[in-house]
Amino acid sequence: MNWLVKLSKIDRRVVFLLIGAAAVIPLLKPLWLPVHVTEHVQKVFDFIENIPVEGQAVLLSVDYTPETFPELHPMTLAILRHCFTRNLKVVCMTLQPAGPGIAELALGTVAAEYGRKYGEDYVLLGYRPGISPVILGIGEDIKRVFVTDNYATDLGDIGMMDEIRNYDDIALVVTISGSSIPESWISYAHSRYGQLIASGVTAVMAADFYPYLQTGQFIGMLGGLKGASEYEILVERAGFSRERKTATIGMDSQSVVHLVIIVFIVLGNLAYFASRRTRREEV
Amino acid sequence: MSTNPGVWVAVIMTIGIFSFLYKDNPLYKFCEHLFVGISLGYYVALYWNNGVIPKLYIPLFRQHNYFYLIPGFLGILYFSRFVRKYAYLSRWPMAFVLGAGSGLSIPAILQARIIAQMRGTMSDTFTVSYVVMVIGVLATLSYFFFSREHKGFLKIASGIGIVYIMVGFGATFGYTVMARVSLLIGRAQFLLRDWLGIID
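Protein sequence lines, in the order shown, are assigned to chains A and B. Under the numbering used here, the first residue of the first sequence carries the number 1, and numbering increases by one thereafter. Under the numbering used here, the first residue of the second sequence carries the number 284, and numbering increases by one thereafter.
Quick caveat, the hints were computed from the structure, so don't treat them as lab data. For each residue, glycine too, the CB sits at the ideal point set by N, CA and C. Any given hint could turn out to be false.
Below 27 Å or equal to it, Euclidean Cα-Cα: the simulated DSS-like pairs (lysine-lysine) are [as the list claims (entries may be wrong)]:
1) Lys306/B to Lys6/A
2) Lys143/A to Lys338/B
3) Lys117/A to Lys143/A
4) Lys9/A to Lys338/B
Quick list of simulated restraints, FRET-style, between CB atoms [stated by the list, open to error]:
5) Leu424/B to Asp157/A: 52 to 62 Å
6) Arg144/A to Ile389/B: 23 to 33 Å
7) Gly115/A to Trp331/B: 28 to 38 Å
One chain only, chain B, in its complex shape (with noise of 0.2 Å):
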């Protein structure tokens, strides 16, 4: 059995976690919070350290870049938002956001989600995956096709779309069950091994 505190600090967490699954108790609720917490704080330290001290602070007060000094502001305007008369000030470092980050992400995106997968499903070669996958798109995007009744042959490539799509369903899901499989197993084998020495 372990020595290390910091291993016996994770057991007890993970314990109290897992003893949600009995029912909900003091223990859980304390390892909840904890966690929540101890988060915060984390995450605040990190992007302190590698975001405004990094980013901003060097840059402003060691190497004297004094152009710094207008995403800074734009940055401490976010915080208007505490102050209602001034919280329109706000808007403005969102507005930059928004606008220089469409600008980066819509060329980008259309090229490798709907340019890219549009290509690909164009083949030259006619195979049988080929065609299930040319017919799955088609029928899935009728299901989406709203301007119309779903009756006749829309109907039917919308019942057919609705087969892909619940496979899709039925795929994700059984990952997701395969995820979270994995992240028990993930704890078991650290209680077992780092904590019980049981296993190799």
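One chain only, chain A, in its complex shape (with noise of 0.2 Å):
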């Protein structure tokens, strides 16, 4: 047991280097481990898979900034992928000031990948200040609400914008954020206008979102790199898709680091007991 309390005085870098190295090295030499689709993103899925051709547009709202950019970006891509995939109009905005930026990030990415074109199979409409009155908006009339896009330009000299009005035209909503705005989409839109929301949000916010699906609230939801990584899958297994898997890569890491830290939880428990015993052995 000796060796057990001295581990609980290890220097605190050492575990830092463990796990650093455990991030790193599934990078190098991927497991490809096998990810479950939980069913939650399988409802997303299905619901943008059974959104007729000729009907609504989908509106996605890159409602993130930088720092959440690893988990949140690869979900962003892989919806993307899937709208473009069954030709479905995709309107892009954003209630974050640092969201124009990474939205035309992914939209230039993926509509390069599928040849679509500005103005007739998607929009960047860009970032408008405040929440709720920009969601509740868009109710009663988007172009009222944005009236130029990100690059300045008339909504009404869009050509794919003469069909979208306000939320009847909008099959869904698909808010991608690290933050609480996606109960705001679910206080205005969703109370107010009935509009259907699928989320995407980060692992942090997850728990803190579950309430919404168990209501109805939310369609369905990508929770953290791993519902991210779900949703890649169904786009590739689709055949939608043989681009880079960035969040199912970062899955292999993800599961040795965790894997590393519950091993440190085990033994950092046990030291803790060893160490007790140890004291009152001395007393």
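Could you use the hints to bring the two separately framed chains together as a complex?
Here you go:
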């Protein structure tokens, strides 16, 4: 038991080093551990899969900032790939000031892969300040909230926006966020206008949003890197994309790091009880 | 290895911030202060271009809609906080924001977070998960019932409530660990792919 007591006094930098190694090694040599698709992610995929092509658009709200990029950006890419494969019109916007650049990056990447045209297949409305007035305003007339798109072009001059006036013309709102913005979408778009909403959230926020799944206020949810990975798997399995699955590769590292953390938690607890016993024996 | 100067800047910043894991050092301090300064400048420019220009300057000076003088004036009153004598004026826009915000959000939040959630605990299908959920809701609520001493039945119920709360905390903590590890993986992918080019 002496070694356990010694282990409890290990330099924290050794722990950091081991966690770092556990994150990096699987990236260099992927293990391709299986990823199980959960019900809530499957529901988002199935819903988008069943939107009629000539029907309503998908409103993708890129409500995250660069600090949550590794978790949330793969979700945005996977959902865009799904929408563009199905020829669905995508209206992209953001409720975060730093969002337009991220949205532009995602749209640029995926539109180039599928040869989609700006103004015909997708549009980037950009950012407007205020969260609740923007969400409520879209319910009345999207062109009154976003007079111009992200590039100062009048929405009246953008072809695909002729058919999109408010939530009546939007089949699904997908909010990708690392904050409480999805709650605002529920409070103002779902409660008031009955708009169907799906969310992609960081793992930190996921536990807070589960109650909204049970009540049906979210039709489905992608939680953290795992949720992003599941959607990537679904998109690939359906033959919609052969692009690099960033989140899925990351999940190997995630699993190995979790394993290391579990080992440390077990050892830490054993060391704690061992040192307590040693102290008692000394007394 | 990347020849893009932007990537190199990001790499230096990443390594600088990670160097704190060894110990506090001047490179970490430099990166931290640079981040705070750049973030502030970036957000000031963003709010100016996305807020002040389209929402105040253009309607007022190009479209000559003088109705916008009212919100513009209210907004300027926020700056009265910098002059002690007139600091009380900053309460006017705050009162407006609080009043309008409360009126806008109370009915919506009541509907979304209380009524819909209460409805969610009432089901016509009697399943195991439903029973677990209803017991959890009642037991957790009983833990937060402070008008009576927790003894007898209330002690048992609140004890069960604590178990549910702990499970909730555990799930949240697990998810938090997952989120933080994801950020580390994101940085590792950046260093290995975008900088060193040793992974696809």
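The hints, checked one at a time:
For the given pair, Lys306/B sits about 22 Å from Lys6/A by alpha-carbon distance, which is consistent with the 27 Å threshold. With a CA separation close to 15 Å, the supplied pair Lys143/A and Lys338/B stays within the 27 Å bound. The straight-line distance between the Cα atoms of Lys117/A and Lys143/A is roughly 21 Å, inside the 27 Å bound, and the hint therefore holds. The hinted pair formed by Lys9/A and Lys338/B fails the criterion: a straight-line CA distance of about 58 Å is larger than 27 Å.
Under the hint 52 to 62 Å, the C-beta atoms of Leu424/B and Asp157/A, about 55 Å apart, fit the expected range. In this structure the hint that Arg144/A and Ile389/B lie 23 to 33 Å apart at CB holds, the actual value being about 24 Å. Taken as a hint, the range 28 to 38 Å holds for the pair Gly115/A and Trp331/B, whose Cβ atoms sit roughly 36 Å apart.
Taken one by one, the earlier hints fail for this structure only at number 4.
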